[in-house]
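From first to last, the protein sequence lines stand for chains A and B.
Note that the numbering used here has the first sequence beginning at 16, numbered continuously upward.
Note that the numbering used here has the second sequence beginning at -2, numbered continuously upward.
A few of these clues could be false.
[Said to hold, decoys possible] Mimicking DSS-like on lysine-lysine, the simulated pairs with C-alpha atoms at most 25 Å apart in a straight line are:
| no. | chain 1 | residue 1 | chain 2 | residue 2 |
| --- | --- | --- | --- | --- |
| 1 | A | K77 | A | K60 |
| 2 | A | K60 | A | K28 |
| 3 | A | K81 | A | K60 |
| 4 | A | K77 | A | K28 |
| 5 | A | K60 | B | K104 |
| 6 | A | K60 | B | K36 |
| 7 | B | K36 | B | K100 |
| 8 | A | K81 | A | K28 |
| 9 | B | K100 | A | K60 |
In short, the hints are calculated from the structure, not lab data.
Remember, predicted model here, so these are calculated numbers, not experimental data.
Given next are the chains, with one letter for each unit.
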Amino acid sequence: QVQLQESGPGLVKPPETLSLTCAVSGGSISSGAYYWSWIRQHPGKGLEWIGHISVSGGTYYKSSFKSRVTISLDTSKNHFSLNLSSLTAADTALYFCARDFSSGIDVWGQGTTVTVSS
Amino acid sequence: DIQMTQSPSSLSASVGDRVTITCRASQSVHRYLNWYQQKPGRAPSLLIYVASSLQSGVPSRFSGSGSGTDFTLTISSLQPEDFATYYCQQSFTTPRTFGQGTKVDIK
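Make the full structure from the sequences, and use the hints.
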């Protein structure tokens, strides 16, 4: 079955840009009507949707991130990525990649912790 | 954005109890409402999608109901492995939005 694995730096300095990658295994990122998503969770808090990208490359972002977020798809490497710029301590969180099939999010990565600190 | 409000925020229950969690949307999401379970240090996992469909592999003691703005997750007989935090989420539109979570712990 499809599995997702996040990778990226655990520590980033403000106001640098965070770059995370989600490797998709067990299936093609190009197949099916899925949205490939990024979601984060601040320590001890709830889930915050950041945005997603469709197989056709259409992107949708939460408005509070819109000016500093980019999600992209690399079908040749079977992965998708999150770039989040102008980082502050408020971006310290656990970041999940996930697969959204429109009626729910059925596959999640294990999550990667990102700390923003100088 | 559609706001999702869960109640209660936390509850204490015993093994064998029937547990009900509610989720209210700020506008109709039709039946595009999903429920997730999250245990500490783990990613969430999908329990129920489109209000009442049980995700493959999820025990039948979990059930969901509702439509429009009001939804319910029910655990018919709480098991030790069910102590966790539960989230609702609407997938009717973007941005996807989650409820704040309901933590179920041991009484």
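Against the structure, the hints:
no. : hint           : in the structure
1   : K77/A - K60/A  : 18 Å, holds
2   : K60/A - K28/A  : 22 Å, holds
3   : K81/A - K60/A  : 22 Å, holds
4   : K77/A - K28/A  : 23 Å, holds
5   : K60/A - K104/B : 22 Å, holds
6   : K60/A - K36/B  : 13 Å, holds
7   : K36/B - K100/B : 10 Å, holds
8   : K81/A - K28/A  : 21 Å, holds
9   : K100/B - K60/A : 11 Å, holds
Checked against the numbered hints given earlier, the structure satisfies every one of them.
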